[in-house]
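> Below are the chains, spelled out letter by letter.
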Amino acid sequence: MTDQADHILTTEGLTKEFKGFVAVSDVNLKIRRHHIHALIGPNGAGKTTVFNLLTKFLIPTGGHIRFGGRDITSAKPAEIARMGIVRSFQISAVFGHMTALENVRIALQRNEGTSFHFWRSDRSLDKLNDRARELLTMVGLERYADTTTVEMPYGRKRALEIATTLALEPEIMLLDEPTQGMGHEDIARVTELIRTVAKGRTILMVEHNLGVVSALCDRITVLQRGAILTEGTYAEVSTDPRVKEAYMGRAQ
Amino acid sequence: MSRTAWLAVVIAFALVAPFAIYPVFLMKLLCFALFACAFNLILGYGGLLSFGHAAFFGGASYITGHVLKEWGVPTEIGILIGTLAAGVLGMAVGVIAIRRAGIYFAMITLALAQMVYFIFIQARFTGGENGLQGIPRGHALGLFDLNDNYAMYYFVLAVFSLGFYMVYRAVHSPFGQILRAIRDNEPRAISLGYDVDKYKLQAFVLSAALAGLAGSTKAVVFQLASLTDAHWHMSGEVVLMTLLGGLGTIVGPAVGAGVVVALQNYLAAGPLGAWVPVVLGVIFVVCVLAFRKGIVGEIRDMVKKSF
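If you read the protein sequences in the order shown, they are chains A and B.
67 is the number of the first residue of the first sequence in our numbering; add one for each residue after it.
27 is the number of the first residue of the second sequence in our numbering; add one for each residue after it.
Chain A with its partners taken away, still in its complex shape (with noise of 0.2 Å):
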């Protein structure tokens, strides 16, 4: 297997820059096709940052990254996602005064290739309903298919915002802190969830919680001050000196 084959996204000297400050300095990551891989890294590490950069929502003060052998430097974020890069954010990203099920059916419709006819009526997209419905049921959130989003619970809302990506059939998701802001009971589920779906995909994602990392993910790269402090498997990474030091440094 060749180098580019095995990996689906690689950065070569990922930099960014702000006014100055370097917020990410010249990170290499090569992420392989069907891993589960985790940035993670104390505050203002530069995850985010990463995580903007790959995604095209910022863009790069030098370097380059790669997806599938192609280069991707340049390109704008609905292209990357149209590609096949599909992201969440910190947030919950919903469509908060759409139901549950027209959340998903907004990413279903985009293979459609009506989504410009403003003259066609969108009973015109009920054939996505089906799908849409079995995408819910996926993430267990058929009971809330008619319900606004905004009246959904965080942790359902999250569920939600997979579905949609899912509907997208992404061949990497980006997921940015999953898990953030969640109780016990939601955790377990959405990692639960992320195990799931990762099923014949990569997915990369920024997480603060430890145990959901340890719990999922084949390979972490540890960020400290915008830079690569180390990457391996969780047990290597958990026993390195350095690492502990980056998060312990912190609390003293």
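Derived from the structure by calculation, the hints contain no laboratory data.
Quick reminder that beta carbons are idealized off the backbone N, C-alpha and C, glycines included.
Possibly wrong hints are sitting among the right ones.
As the list claims (entries may be wrong) - From chain B, some residues computed to sit far from chain A (all C-beta separations above 10 Å): (1) A38; (2) V265; (3) V281; (4) E324.
Claimed, not checked - Calculated cross-link-like contacts (lysine-lysine; reagent style DSS-like; alpha-carbon spacing at most 27 Å): (5) A/K96 - A/K310; (6) B/K54 - B/K95; (7) A/K142 - A/K85; (8) B/K319 - B/K331; (9) A/K193 - B/K224; (10) B/K224 - A/K142.
With chain A fixed as given, assemble chain B onto it according to the hints.
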């Protein structure tokens, strides 16, 4: 009452109204109602506050007036040309303005609309301060003489119905779904692979073209295209109508336009004549403070709660 029943009542009322109410007043009302509905498409459903819609409304009325008067085209063609011209102008303004949001979007649209306004003052074909007068009404379908106010009224009613249906269709279409999604959560719509600027631009062009349809029709009704219709006051008035009636509701802007036009008409004749702007201002403030959702929005909520 079901929706169909409501619709039947409204249609029946619209059909007999000119026998009870002065038709020219009704036509003015319908033109502004269509203008406000078109505006609502971009503000209520697109989430973008345009402060330059008078350019499309007034611009279309000049174009229609000119082609009817100088080229002698049939009335329908004249209105169509005006509408298309407003759409093209909307495209030009939209391409520049859509890159920004919020107050910046409002300011860019205002600035561009003011440029258009000054062109209308200077250009020879507009008649400057006097406006473009004596626009012929012509015949509808080459059959009905529109100089008869009743014929003209039913023609305007047909145009309004068509325009209103187009707004309704656009809102309840696959395109309308994406527009709602963008208004709800733009970054998420981007991350799902939608080029949001293209959707906003299309909404803006549609809104501009329909505002143009309203302006063109008004020019035919009054046989006049004047600077008033292109002035920034008009851009402000349509914001007022939309907010008063109910932002993001289908019929709200039409109701708001009705209230504003009726107040202007009846107050102007009475002792409060000179105070119309003040009265409207007070109503606007009360509306924004106490009835945030506008007339139709508040009624809709009351109906929802009582069931």
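> Now tell me if each hint is right for this structure.
Evaluation of the provided hints:
no., hint, in the structure
1, A38, "25 Å, holds"
2, V265, "22 Å, holds"
3, V281, "22 Å, holds"
4, E324, "18 Å, holds"
5, A/K96 - A/K310, "23 Å, holds"
6, B/K54 - B/K95, "21 Å, holds"
7, A/K142 - A/K85, "22 Å, holds"
8, B/K319 - B/K331, "15 Å, holds"
9, A/K193 - B/K224, "25 Å, holds"
10, B/K224 - A/K142, "14 Å, holds"
Hint check: no violations occur; every hint is consistent with the structure.
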